[in-house]
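Protein chains in written order, with my numbering: chain A, 1 to 229; chain B, 1 to 235.
Simulated from the structure, these hints should not be mistaken for lab results. Note that beta-carbon positions come from the ideal geometry of N, C-alpha and C, so glycine has one too. Misleading hints may appear alongside valid ones.
[Stated by the list, open to error] Computed footprint of chain A on chain B, listed as stretches where at least three residues anywhere in the stretch have a Cβ under 8 angstroms from a Cβ of chain A: (1) 56-65; (2) 68-82; (3) 100-109; (4) 187-201.
[Stated by the list, open to error] Estimated spans, in silico, between C-beta atoms of each pair: (5) B/130 with A/55: 42 to 48 angstroms; (6) A/127 with B/148: 47 to 53 angstroms; (7) B/134 with A/158: 37 to 43 angstroms; (8) B/126 with A/26: 47 to 53 angstroms; (9) B/224 with A/208: 34 to 40 angstroms.
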Amino acid sequence: MDLQGFGHLLVSGTWLTIQLALASLFFGLILGLMGASAKLSDNKLARGIATGYTTLIRGIPELLLVLTIYFGGAQLVMAVASLFGYDEYIEIGPFIAGVAALSIAFGAYATEVFRMALLEIPKGQWESGLACGMSPTKTFFRIILPQVWRLAIPGLGNLFQVLLKDTALVSVVGLNDIVRQSQVAISATKEPFTFFLVAAFIYLALTAIANTVTHMLERASNPVLRGGR
Amino acid sequence: MGWEWEVIFKYFPRLLEGAWLTLELVVISGLIGIALSIPLALLRTSSNNWVRALPFAYIYFFRGTPLLVQIFLVYYGASQFEVIRESILWPVLKEPYWCAIIAFSLNTAAYSAELFRGAIQAIPNGEIEAAESLGMSHALLTRRIILPRMFGIALPGYGNEVILMLKGSALASTITLLDVTGMARTVIARTYTPLEMFLAAGVVYLLMSGIIIALFRYMESRFNRYQSYNPDRDA
């Protein structure tokens with residue numbers, strides 16, 4: 001296929017998409033773990049906040065979330081900052097806005113995945129960790145999390161696939177990802193079909209790679225699949 | 001932070017107008033999607049490798065690429081070809097409305113086909129064998145046993161797919177359509193109150209998904225009545 005010298009644009013767009021997806025994955029996982037812990041905690045306020053978060057975010061379109069954070073995020077951050085006595089103008093760049101929107105969306109779904117996985121861990125695992133004299137935090141990171149991880153990987157793999165595709169939305173707010181760079185190439189070449197098709201196949205390759213990595217992680221974390229004891 | 005409630009109240013009727021278009025897009029492309037996905041699902045469960053390959057490639061492409069790219073491929077992509085621009089299809093393909101419907105239908109067909117395939121494979125073997133032993137032809141078996149059972153089994157999952165379609169339909173605003181998101185963006189361009197209008201739009205989407213969830217609960221209880229049938233109580 002003739003890209004008429006615009007191949008490098010698509011390469012840089014792909015790189016941006018990958019950075020965006022990985023950064024959002026990182027923050028989304030943290031949000032998901034926090035959300036799941038909040039939903040399972042005894043604290044009523046924490047449960048209420050987490051439930052509100054997942055219900056709201058899972059019910060609105062991702063595009064709306066991206067637009068809200070890009071166009072309204074600065075206003076929100078400034079309102080919070082002024083509470084702390086900071087009154088300067090704050091600007092949120094499109095990359096930060098994109099990562100924020102995508103991780104908030106990912107986190108809402110990951111909360112449910114982690115919650116189900118946490119519920120699968122027998123209570124005795126907690127008790128034995130504490131009985132060995134570990135602190136609750138240590139028990140969580142040493143005993144519970146490694147087991148939750150194994151149970152959560154398939155669900156998280158699906159979510160990451162959705163996240164990869166959702167990164168396309170940030171092109172709407174002007175980030176130079178795959179879609180946006182294709183548009184730049186199209187405005188010069190007048191070949192929309194060619195370039196959007198190439199963009200589609202780049203996403204296809206990315207999701208295929210993500211799929212393979214998920215399978216590898218699944219095997220690595222699961223002694224039964226790996227053929228161990 | 002100055003919060004302007006008046007703007008929300010003043011422009012809420014516009015958002016409801018947008019909600020109507022959103023609903024139209026979801027319902028029309030949902031129906032076309034079902035019509036496309038049933039043959040796809042049936043082909044996917046064929047025992048012939050070659051017959052299975054085509055729906056597999058179709059489903060793989062549409063599930064592995066972003067909906068936004070699919071919409072752009074249809075809306076902007078079609079104009080690249082002289083043949084299409086001069087054909088009788090052009091009046092349809094240059095309309096953003098129809099391009100959105102085409103892209104949404106093709107997209108949801110891929111996801112629904114996977115759901116329906118799973119449902120077909122979940123039908124207990126004994127039910128198929130019973131129908132075969134009664135002497136039903138393959139066509140009759142498909143029509144009377146496989147399809148109705150498939151709908152019953154796939155219904156809860158299909159409800160999720162409709163919610164995802166509702167959320168995906170917001171992308172119609174990227175090709176100038178005035179759905180809920182598109183309306184909100186138009187109003188914001190005039191009033192510059194992004195937080196207020198986008199939050200109002202979010203509420204409209206939440207209400208719509210609430211209605212869809214309730215509708216599917218009702219349909220499930222009607223369609224899968226046998227699951228809650230109690231001979232003593234319902235006699």
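Query raised in the report: Would you say the region 100-109 of chain B counts as covered by chain A, given the rule of at least 3 residues with C-beta under 8 angstroms?
Result: violated (count 0)
Query raised in the report: Does 47 to 53 angstroms hold as the CB distance between residue 126 of chain B and residue 26 of chain A, or does it fail?
Result: The hint (47 to 53 angstroms, Cβ to Cβ) holds, given that residue 126 of chain B and residue 26 of chain A are roughly 49 angstroms apart.
Query raised in the report: Within 42 to 48 angstroms or not, the Cβ separation of residue 130 of chain B and residue 55 of chain A?
Result: holds (43 angstroms)
Report task. Count residues of the region 56-65 of chain B with a Cβ under 8 angstroms from any Cβ of chain A, then say if the count reaches three. Result -> Coverage by chain A holds for the region 56-65 of chain B (4 residues, Cβ < 8 angstroms).
Report task. Verify the coverage statement for the region 187-201 of chain B against chain A, using a C-beta to C-beta distance below 8 angstroms and requiring 3 or more qualifying residues. Result -> holds (count 6)
Report task. Hint says 34 to 40 angstroms; check whether the CB-CB distance for residue 224 of chain B and residue 208 of chain A agrees. Result -> Since residue 224 of chain B and residue 208 of chain A have Cβ atoms about 36 angstroms apart, the given range 34 to 40 angstroms holds.
Requested in this report: Go ahead and decide if the range 37 to 43 angstroms is satisfied by the Cβ distance of residue 134 of chain B to residue 158 of chain A.
Outcome: holds (40 angstroms)
Query raised in the report: Is the hinted range of 47 to 53 angstroms satisfied by the C-beta distance from residue 127 of chain A to residue 148 of chain B?
Result: holds (49 angstroms)
Query raised in the report: Are there three or more residues in the region 68-82 of chain B whose C-beta lies closer than 8 angstroms to some C-beta of chain A?
Result: holds (count 11)
Hint compliance for this structure: hint 3 alone is broken.
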